[in-house]
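Q: The chain contents come next:
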Amino acid sequence: MIENPTQELLRTPLDALHRDLGAKMVAFAGYAMPLLYEGIVAEHHHTRAAAALFDVSHMGQARLRSADAVEMLETLVPGDIVGLAAGRMRYTVLTNARGGILDDLIVTAGADHLFLVVNAACKERDFAHIEEKTKARCTLEVLDDRALLALQGPRAADVLARFAPACRGMPFMSAESLSLAGVECFVTRSGYTGEDGFEISAPADEAASLAEALLDVPEVRPAGLGARDTLRLEAGLCLYGSDIDETTTPVEAGLSWVIGRRRRTEGGFPGAGVILGQIADGVARKRVGLRPDGRAPVRAHARIMDSNGESIGEVTSGGFGPSVEAPVAMGYVASAHSAPGTPVTVEVRGKALPATVAKLPFVELRYFKTQR
Amino acid sequence: MAVVGITEYAQEQLGDIVYVELPDVGAKMEIGAEAAVVESVKAASEVYAPISGEVSETNAALADDPAKVNADAMGGGWFFKIRIADSAQCESLMDETAYAEYVESLR
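Chains A and B, in that order, give the protein sequences.
Going by this note's numbering, 156 is the number at position 156 of the first sequence; the sequence numbering is gapless.
Going by this note's numbering, 33 is the number at position 33 of the second sequence; the sequence numbering is gapless.
Treat the hints as calculated values from the structure; they're not laboratory data.
Backbone N, C-alpha and C fix where the C-beta goes; we use that ideal spot for every residue, glycine too.
Warning: the hint list may mix true and false statements.
Below 30 Å or equal to it, Euclidean Cα-Cα: the simulated DSSO-like pairs (lysine-lysine) are [unchecked claim]: (1) B:K68 x B:K81; (2) B:K28 x B:K68; (3) A:K24 x B:K68; (4) B:K81 x A:K351; (5) B:K81 x A:K133; (6) A:K359 x B:K28; (7) A:K359 x A:K369; (8) B:K28 x B:K81.
Here are the in silico distance ranges between beta carbons for each label pair [said to hold, decoys possible]: (9) B:E12 x A:S335: 37 to 47 Å; (10) B:A71 x A:A352: 28 to 38 Å; (11) A:A339 x B:D65: 46 to 56 Å; (12) A:R366 x B:D65: 25 to 35 Å; (13) B:E12 x A:T265: 39 to 49 Å; (14) B:A67 x A:D20: 20 to 30 Å; (15) B:M1 x A:Y91: 54 to 64 Å; (16) A:A352 x B:E34: 31 to 41 Å.
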């Protein structure tokens, strides 16, 4: 989703900092965003080895308020939101009547509200949709005065503990209000890299000073959207608009785990008939990982074929995995060809390159595990 | 004989190079035709033949170490060698000074 940069772009609260740091800026979802600083591969490796700071302020943040917010949101998503304890968070999807995915999002249960983080490119549509469907009983408060930073990597907790020692004990997918360098923040232990890390929601006018304080820690370097994409691809995480969209269902996308156990019996979300039918009866196509032979990357929209040259699907994300040290991709294939180890070919510049269906993720996920 | 590759400025713009698809030795190419593909982490970019001729050698070292293009674009990161079909075509190419001025105009 890198667009024509001539249009008037929105700027995040960290825009001046990115330019001072020498970022190469690109247009993404209507925002001027850093693609890279020192280089995508170096930033990728630094994230897996130490800690990197990403600006993800383009993403949409909102609070859904009312005593009924939990029940009302459950009419729009297949996740178990009622069962979400205060301070815990869950990945879920907004579905349409055909079971397709309108967006993927993170829902965090607050004491008196739900905190939502949605994709930048979808946020206006998402918020209009949520407001329309819940306005009878809820208020949607869009937080466009807040920045969002992601501190990711195996040293992220050590770094953040310098500012707020309480962050160390936070379980994966939990939230706390913490003061960091004098800035009141809403911190979650989550991310989009496959590493331990935190996402930090901070007031827009204080975000740059917080980012500078984090970047002053020797282990921390800035990382851009380029590394964010290679990291999430290796971690097997979906990019909305590429790997999932309105035409893919959570079951086809390998996201059946987002459909809560209670919701599988009760339904009550858009497209429940289609989605629950697919859980029961199976699907015609599935999202899979792909490991091309050799070094040539295969990219989105490349055709996937079986050993007879028949089309069986299409690549949705692909590129070079710096930690895998080889090309990696994901895409949809006919279910008969979806078992890991299945040999396929992928069409790149008119040639059929051999590849193998692979288990996702491509790297070991290193999310924080609470000591028992 | 001409040695074809990409410039220092081009490698900088492309970023981390992860794969280079080279033509076959013996391939005959016309000026302006697609001659190679260079893949960075982000995207694939075509390289066009700067002159017509026959490919006499390709840089085998790039198969295992495509990052050589980033490290030494105008030396060890060369792509292929071409037997020049029509030396008059060389007249239309920029020399190093003209190219440096052109790059400066882009900055």
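Q: So the hint says 20 to 30 Å: do the beta-carbon atoms of A67 of chain B and D20 of chain A match that?
A: holds (28 Å)
Q: Would you say the C-beta atoms of R366 of chain A and D65 of chain B sit inside 25 to 35 Å of each other?
A: holds (29 Å)
Q: Below or equal to 30 Å on CA atoms is what counts here, so check K81 of chain B against K133 of chain A.
A: The hint is violated at about 64 Å.
Q: Would you mind confirming whether the straight-line C-alpha gap from K81 of chain B to K351 of chain A stays at or under 30 Å?
A: The hint holds at about 24 Å.
Q: Within 30 Å, alpha carbon to alpha carbon, are K28 of chain B and K68 of chain B?
A: holds (26 Å)
Q: Cβ-Cβ distance between M1 of chain B and Y91 of chain A: within 54 to 64 Å?
A: holds (58 Å)
Q: With a cut-off of 30 Å on the C-alpha distance, tell me whether K28 of chain B and K81 of chain B pass.
A: holds (12 Å)
Q: Holds or violated: K68 of chain B with K81 of chain B, Cα cutoff 30 Å?
A: It holds: about 17 Å lies between the C-alpha atoms, which stays within 30 Å.
Q: So the hint says 46 to 56 Å: do the beta-carbon atoms of A339 of chain A and D65 of chain B match that?
A: Between A339 of chain A and D65 of chain B, where Cβ atoms are some 34 Å apart, the hint is violated.
Q: Tell me if the straight-line CA distance from K359 of chain A to K369 of chain A falls inside 30 Å.
A: holds (22 Å)
Q: If I claimed the Cβ atoms of E12 of chain B and T265 of chain A lie 39 to 49 Å apart, would that claim hold in this structure?
A: violated (57 Å)
Q: Taking the CB of A352 of chain A and the CB of E34 of chain B, does the distance hold inside 31 to 41 Å?
A: violated (19 Å)
Of the numbered hints stated above, those contradicted by the structure are hints 5, 6, 11, 13, 16, listed in ascending order.
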